[in-house]
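Engineer: Given chain X, put chain V in place with the hints provided.
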Amino acid sequence: MPPSSPAPLNPPPSLFELGRVFFWTGVMSFGGGLSGWIHRQVVHQYGWMDNDDFLSGVALAQVLPGANVTNLCVYVGYRIRGGWGAATTLFSLLAGPTVLCVLVAMVYVHLQQYPVLQACVDGVAAAAVGLNMRLGIVGAQRVIKRVAPTLAMIATFVAVGVFEWPLVPVVLVIGPLSVAAVWPREPRDA
Amino acid sequence: MREDDSDLSTYLALMAVFVPMSLVAIGGGPSVFAPIQREAVDVHEWITAREFVEIFAVARVAPGPGSMLATLIGWKVAGWTGALVATAALFIPSSIMCLGIAKVWNRYRGHAWHAAFETGLAPIGTGLMFAGVLVIFKLADAGPLSWALAAFVAAVLTFRPKVHPMILLLVGAVVFNLDLFLKAA
Chain X
1 MPPSSPAPLN PPPSLFELGR VFFWTGVMSF GGGLSGWIHR QVVHQYGWMD
51 NDDFLSGVAL AQVLPGANVT NLCVYVGYRI RGGWGAATTL FSLLAGPTVL
101 CVLVAMVYVH LQQYPVLQAC VDGVAAAAVG LNMRLGIVGA QRVIKRVAPT
151 LAMIATFVAV GVFEWPLVPV VLVIGPLSVA AVWPREPRDA
Chain V
1 MREDDSDLST YLALMAVFVP MSLVAIGGGP SVFAPIQREA VDVHEWITAR
51 EFVEIFAVAR VAPGPGSMLA TLIGWKVAGW TGALVATAAL FIPSSIMCLG
101 IAKVWNRYRG HAWHAAFETG LAPIGTGLMF AGVLVIFKLA DAGPLSWALA
151 AFVAAVLTFR PKVHPMILLL VGAVVFNLDL FLKAA
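Protein chains in written order, with this note's numbering: chain X, 1 to 190; chain V, 1 to 185.
Since the hints were derived computationally from the structure, they do not count as laboratory data. Watch out, some of these pointers could steer you wrong.
[Unchecked claim] When the alpha-carbon atoms are kept at most 20 Å apart in a straight line, the in silico EDC-like pairs for lysine to aspartate or glutamate are as follows:
(1) V:K162 / X:D50
(2) V:K103 / X:D52
(3) V:K162 / X:D52
(4) V:K103 / X:D50
(5) V:K138 / X:E164
(6) V:K103 / X:D53
(7) X:K145 / V:E118
The structure presented is a predicted model; accordingly, all values stated were derived computationally and were not measured.
Bound-form chain X, shown alone:
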């Protein structure tokens, strides 16, 4: 099976099922990488969304203000089960971590004294970055089929990642160019 072959979508879950999946995803997301986690769950594990729709949500989530993960969560919940779906995914995802991060904070000072535990923490955090890297690869597999989007992707990465330029001006320059480059030749909208 090719890595990004589109599988037929499964019917949308109940709000309870949606909440259950997002709750456990939140609880398991040690070290971060949540966008990658959510992608793995809703696209590959449960088949509630396809890659294109998901990636469109990734772009929207990053351009809009707010944490990327919660924006993505709202978009995904909305696409799967409407407004209540968005509320369900958001609250379910944050419920566990809200408690867990405080518990981790309580023991963190002690935890730092043991090199073995510190190595566990560092290793988990590094591995979790791979989850988001994987989501980047999914996006890149689509993007590199065309020249202009490929250039837009590389330019964005270099500007924000390498040079650490502020996001807003970068998006305001690259965004219109990138959209214009793929604008339909014969506008069909009336």
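Structural biologist: Chain V only, in chain X's frame:
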């Protein structure tokens, strides 16, 4: 520990700091970490600079988005209620805005220009995803082992998307301990 009888004004102060941050955090949580630090450490003196660094580290390794450092600031200031207030203040306003825009966005699905926007913005989303990886590794001062591990995880998931990520996180913990062991030997 601290008692939970902090008065209403503390909760209002937390909201006054985090609600605006929620709505201006373009590019995600990390884009407002510096202003949050200024507010929490210098302006309100809720925590020390050292505590902020510690909170940042905890939010990164604990489950949930890294922006949950707001949760931890709320907790330091006003216990569990403070944690809830700060979490809600940081995440709910931006989420409502996102939902509103997602609804409008969805209404125009099927139009040619909508597809152009999607195709045009997708590479920016992907570029930002990779930029996020680079920036977090720079922040964490990650070495070659971290890079190799992340690349390994990404490769496994690319070819076997259904592998459970918990297994890969566990592999990370084991590999870093092996490294620790070999360096000590």
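Engineer: Look at each hint and say if it fits the structure.
Structural biologist: Hint check:
1. V:K162 / X:D50: OK: V:K162 and X:D50 at ~15 Å, within 20 Å.
2. V:K103 / X:D52: Satisfied, since the Cα-Cα distance of roughly 17 Å is no more than 20 Å.
3. V:K162 / X:D52: holds, 18 Å
4. V:K103 / X:D50: holds, 18 Å
5. V:K138 / X:E164: holds, 11 Å
6. V:K103 / X:D53: Satisfied, since the Cα-Cα distance of roughly 14 Å is no more than 20 Å.
7. X:K145 / V:E118: Distance of about 15 Å is within 20 Å: holds.
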